[in-house]
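Colleague: Using UniProt numbering, the first residue of the sequence shown is number 1, and each one after it goes up by one.
Simulated from the structure, these hints should not be mistaken for lab results. Note that the structure is predicted; figures quoted are calculated from it, not measured.
List of simulated lysine-lysine pairs, BS3-like, C-alpha gap at most 25 Å: (1) 337 - 307; (2) 327 - 373; (3) 346 - 373; (4) 53 - 307; (5) 327 - 346; (6) 337 - 327; (7) 321 - 369; (8) 307 - 327; (9) 321 - 307.
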Amino acid sequence: MQQSELDSNAPGELISYGQRSYYEPDPLPPSPDLDLGDDFCERLSDATFWLGKLSGVSLELDFPPVLYTSLLRKEAMESAAIEGADVDYNALYSLETRSFDAGGDKIRGESAPDQTKDTQEVLNYEAAIEDGIEALDRGEALTVEWVHQLHETLLTGVPDDRVDTDTLGAYKTKPNHIGDFLPPVPDKVDGLMDALFTYYRTGGSYHSLVDIALFHYQFETIHPYGDGNGRLGRLLITLQLYDAGYLERPNLYLSEYFNRNKPTYVDRLEAVRYGGDWEAWVSFVIEGIARQAHESVDRTRSLADLKGQYDAEYGGKSYTKNQLALKLFEQPYVTSKTVQRLFDVKQPTASRVINDLVEEGVLEEVTGKGRNKEYRASEIFEILEQPPQTY
Numbered sequence: 001m002q003q004s005e006l007d008s009n010a011p012g013e014l015i016s017y018g019q020r021s022y023y024e025p026d027p028l029p030p031s032p033d034l035d036l037g038d039d040f041c042e043r044l045s046d047a048t049f050w051l052g053k054l055s056g057v058s059l060e061l062d063f064p065p066v067l068y069t070s071l072l073r074k075e076a077m078e079s080a081a082i083e084g085a086d087v088d089y090n091a092l093y094s095l096e097t098r099s100f101d102a103g104g105d106k107i108r109g110e111s112a113p114d115q116t117k118d119t120q121e122v123l124n125y126e127a128a129i130e131d132g133i134e135a136l137d138r139g140e141a142l143t144v145e146w147v148h149q150l151h152e153t154l155l156t157g158v159p160d161d162r163v164d165t166d167t168l169g170a171y172k173t174k175p176n177h178i179g180d181f182l183p184p185v186p187d188k189v190d191g192l193m194d195a196l197f198t199y200y201r202t203g204g205s206y207h208s209l210v211d212i213a214l215f216h217y218q219f220e221t222i223h224p225y226g227d228g229n230g231r232l233g234r235l236l237i238t239l240q241l242y243d244a245g246y247l248e249r250p251n252l253y254l255s256e257y258f259n260r261n262k263p264t265y266v267d268r269l270e271a272v273r274y275g276g277d278w279e280a281w282v283s284f285v286i287e288g289i290a291r292q293a294h295e296s297v298d299r300t301r302s303l304a305d306l307k308g309q310y311d312a313e314y315g316g317k318s319y320t321k322n323q324l325a326l327k328l329f330e331q332p333y334v335t336s337k338t339v340q341r342l343f344d345v346k347q348p349t350a351s352r353v354i355n356d357l358v359e360e361g362v363l364e365e366v367t368g369k370g371r372n373k374e375y376r377a378s379e380i381f382e383i384l385e386q387p388p389q390t391y
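With the sequences and hints as input, model every part of the structure.
Modeller: Quick look at the structure:
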């Protein structure tokens, strides 16, 4: 990026740095004020409507535990996928099930047998979101120190070939690059980040959803850490939406929208840096929030409806098969050992009830092996894995 490439409206300037120049963004809010017209107001109204619907659904329904976990997990998987990770629900639930079978509980970010570098990244992301939600529930404010902790959680235990920094939980100590773009150099990061968090803590200058979009742009442009900036920036959107009261649970997976529109995401960021086109960037983010909230509402209702069907068909009876069918909304991935441990039954009984539920289309075997078979709740995963239906 050269000075001649910056439009006069660019919200920053290039500062000479050796043989190159780094980009130093102006502090928020943008100047001049954003020109947000009627079309944008309709888009913003749509986003707030669907966020409201999502919060309402989250409160009114008998929220299946699998829904909380899986939607948080979907955000984690999509965010990791943007960074090149390749992992799916099967790999994560299989890992947790094997840990459970061995006498453990839910894996939370720590290394485990058969864990891959990709699953480590996703589990770290889940753990960081959960830490953030718990901190907000305790009344803690979003601070730089808090974000350092989230960064450390995100990158701890990730193999060296997937981490391009030696500083976990601290700002970068050497310049980093985004293609040809050189973000602010290390000695500028403290001041820029302090200004960004001051803007956030003082309530910003616009509608809170607009300010979240502005914050994300500024964070990604500062690129304050040696690695993990994209994952951390996307994670902060979820936490800010929760902090602002738009989410009752972290069940908005905006990374799916960013992942499916990655070229536009990059183009919109660059359009702000080069020419100050804030309006296109903010509109893009707000549209994504609306679409993903709509998606989450539909997926939540579909799972709740399925749970209602299972309650009607399998509820009220103490047979192990019936208990297992209902338990799938907490633990949708099982083995014979899982069933034995959950219900204190012998192996023949566990195998029989699994086979019965396979015949009824509730479970499906996923390994294709003759031994050590693993099963997942087919109808639940069909809902979880379906691509976006609203766009």
